[in-house]
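Visitor: With the hints as extra help, turn the sequences into a complete structure.
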Amino acid sequence: MSVDEQLRAMRRELEALRSEVGLQADVHAVRTLQFKYGYYMDKCLFAEVIDLFAEDAVLYFLNGIFHGKRGARRLYGGGLGLDGPAYGVLFEHILAQDIVDVSPDRKTAKGRFRCFLQGGVHASKQDAPPRIPAQFLEAGIYENEYAKEDGVWKIRLFDYRIVYQARLEQGWAHAGLEPLIVSPYATLYPENPGGPDEFRPDPPRWPHTFIMPFHYPHPVTGKLVPPVG
Amino acid sequence: MSVDEQLRAMRRELEALRSEVGLQADVHAVRTLQFKYGYYMDKCLFAEVIDLFAEDAVLYFLNGIFHGKRGARRLYGGGLGLDGPAYGVLFEHILAQDIVDVSPDRKTAKGRFRCFLQGGVHASKQDAPPRIPAQFLEAGIYENEYAKEDGVWKIRLFDYRIVYQARLEQGWAHAGLEPLIVSPYATLYPENPGGPDEFRPDPPRWPHTFIMPFHYPHPVTGKLVPPVG
Amino acid sequence: MSVDEQLRAMRRELEALRSEVGLQADVHAVRTLQFKYGYYMDKCLFAEVIDLFAEDAVLYFLNGIFHGKRGARRLYGGGLGLDGPAYGVLFEHILAQDIVDVSPDRKTAKGRFRCFLQGGVHASKQDAPPRIPAQFLEAGIYENEYAKEDGVWKIRLFDYRIVYQARLEQGWAHAGLEPLIVSPYATLYPENPGGPDEFRPDPPRWPHTFIMPFHYPHPVTGKLVPPVG
Chain E
1 MSVDEQLRAM
11 RRELEALRSE
21 VGLQADVHAV
31 RTLQFKYGYY
41 MDKCLFAEVI
51 DLFAEDAVLY
61 FLNGIFHGKR
71 GARRLYGGGL
81 GLDGPAYGVL
91 FEHILAQDIV
101 DVSPDRKTAK
111 GRFRCFLQGG
121 VHASKQDAPP
131 RIPAQFLEAG
141 IYENEYAKED
151 GVWKIRLFDY
161 RIVYQARLEQ
171 GWAHAGLEPL
181 IVSPYATLYP
191 ENPGGPDEFR
201 PDPPRWPHTF
211 IMPFHYPHPV
221 TGKLVPPVG
Chain G
1 MSVDEQLRAM
11 RRELEALRSE
21 VGLQADVHAV
31 RTLQFKYGYY
41 MDKCLFAEVI
51 DLFAEDAVLY
61 FLNGIFHGKR
71 GARRLYGGGL
81 GLDGPAYGVL
91 FEHILAQDIV
101 DVSPDRKTAK
111 GRFRCFLQGG
121 VHASKQDAPP
131 RIPAQFLEAG
141 IYENEYAKED
151 GVWKIRLFDY
161 RIVYQARLEQ
171 GWAHAGLEPL
181 IVSPYATLYP
191 ENPGGPDEFR
201 PDPPRWPHTF
211 IMPFHYPHPV
221 TGKLVPPVG
Chain Z
1 MSVDEQLRAM
11 RRELEALRSE
21 VGLQADVHAV
31 RTLQFKYGYY
41 MDKCLFAEVI
51 DLFAEDAVLY
61 FLNGIFHGKR
71 GARRLYGGGL
81 GLDGPAYGVL
91 FEHILAQDIV
101 DVSPDRKTAK
111 GRFRCFLQGG
121 VHASKQDAPP
131 RIPAQFLEAG
141 IYENEYAKED
151 GVWKIRLFDY
161 RIVYQARLEQ
171 GWAHAGLEPL
181 IVSPYATLYP
191 ENPGGPDEFR
201 PDPPRWPHTF
211 IMPFHYPHPV
221 TGKLVPPVG
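Residue numbers (my numbering), protein chains in the order written: chain E, 1 to 229; chain G, 1 to 229; chain Z, 1 to 229.
Just so you know, these hints were derived from the structure itself, not from any lab. Any given hint could be a false lead.
Since the list gives no way to pick one copy over another, a pair counts as held whenever it fits inside one copy or between any two copies.
Here are the simulated lysine-lysine pairs, DSS-like style, with alpha carbons at most 27 Å apart [said to hold, decoys possible]:
| # | residue 1 | residue 2 |
| --- | --- | --- |
| 1 | Lys-69 | Lys-223 |
| 2 | Lys-110 | Lys-223 |
| 3 | Lys-107 | Lys-69 |
| 4 | Lys-69 | Lys-110 |
| 5 | Lys-148 | Lys-110 |
| 6 | Lys-223 | Lys-107 |
Guide: Next comes the structure, spelled out in structure tokens:
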């Protein structure tokens, strides 16, 4: 090969490597973005949570679909009357088990994460918000999508599914069929000022049968696992 | 340096960097492989779990050693009568704290992970599988090995040790000495159709004294921590 | 561009890429360093824990500040009489949700991690150490700093804050105001042989109101979240 050909070949290889390294940096950015979501949720830092979303985000929660940051403001708008850390209110969001896949063009990403939440209200609290059990556990799974806008990763699709909720004293074997704290939506926005823009079927929760769909194929066979429920 | 020498030097550096980047991609592949194992186990997706193993895998569980994917099929073969998600059956496998080390030739890897499992059967379930407590916790540690075959990472050595199991109502302070759900094997395959190929000593569990061996040396001193139990 | 100019340009790009890859390797080293801390703490491997610290480390715990590895030896010196794994003593440290940021010069790093601890003493234990409840949960957050010395990452600033502690039987809604196992320090070293070098205000814990300060700005807005408590 001539010197020119060698230079061109090396430049191509350098570009390919730079792209691979950039992709790994994107994985890191997306997983920490989601982890930061969890730390903000611990303390009801809803303004910070809402700022994690893209303008055109879509959020699924229970039987509701919320459109845009506007929708996010309603979803995190404090139906519980909370905004920021409060005496005697606990929402520890452990986030783990990240599966982040970035698209080849590095503009979008998908991520599966697990949440294990310890929540409740301390016995000494005088002005306890209604509907929060004294102490409860929640397990859930996120299957979110992310977009990079001007070099900054944001949450573009938020899809969190409660797997189970249980009062600590009773445990999951005795969990009721209705969710704790939250309820499926009966009316849409704007009739319901904190309601969703659209309905969707309420996805099944414990003790019902379901699989939160996997955004990725099986890592060895490459087959998709069909969703259930 | 001549242009030729400079080109050769840069090519060597590019190769070294490509190898380092490849190694980081391998770490990512192995940690997500193990995390995906956890998500499949949540839902008793045993066919998907078995497909994560290499043909020549070895699996350690309790006092048994299972050989090959054939052995994996017996270990995950549903002694509990489960296969896929079922009404009122919970096995939430939180996997975390990944320590993945890839060999310099990038063909094998070792990984330590922690598991925290919430399991049980809902009170409303009619046909509850025998032996699963209504609600229990399990902590455990994996010290697995992985192999890359045709560019695809698989589990080649599976070594999971239960640290403790406890009924939620009783807690770990009152855990019995016998494991929940599972029992040490009394007979080998094929006499026992779901049994192991070989015996090994049953490793100690809570409340006994042990350290699950670390596959890595101390990150500062480089010394190995001797195993206990 | 002349061949020489092309070679110089490519060398600069290669250097930039090498630096980026090195930074990703540093993130991996720091997160696994902290995870290894957790695995050693499980088993009261205090000699191994102390060796994770830099000579000039500073450790914050409750209302005390400990200086150097010497201080670390006092903090982990086994006020509980423990050293290594013991029959019927449980301290499962689940570490997760790592947010590691390495400085541009790659000599220091900051990391936020979550800890979820299951601790206790088995009912069958004869010589139970005093002060450890039979079974308790602890949630906490680390905001640590790390330094690279001769190519090896070490913990240089240790700042762990207990979020809540609770006896499993009572749960966090009924947690007392005084911490379990540990107590704020009343006297300094050397008067107190296991005491800190300095006092600081004891940071608030559950059920009080606080935010463990974030070492990083908001990932989208770039704004700092002001600390509380």
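Visitor: So, for every hint listed, does it hold in this structure?
Guide: We went through each hint and held it up to the structure:
no.: 1; hint: Lys-69 - Lys-223; result: between (35 Å within a copy, 18 Å between copies)
no.: 2; hint: Lys-110 - Lys-223; result: both (17 Å within a copy, 25 Å between copies)
no.: 3; hint: Lys-107 - Lys-69; result: within (19 Å within a copy, 38 Å between copies)
no.: 4; hint: Lys-69 - Lys-110; result: within (19 Å within a copy, 31 Å between copies)
no.: 5; hint: Lys-148 - Lys-110; result: both (12 Å within a copy, 24 Å between copies)
no.: 6; hint: Lys-223 - Lys-107; result: both (25 Å within a copy, 24 Å between copies)
The earlier numbered hints are all upheld by this structure, with none contradicted.
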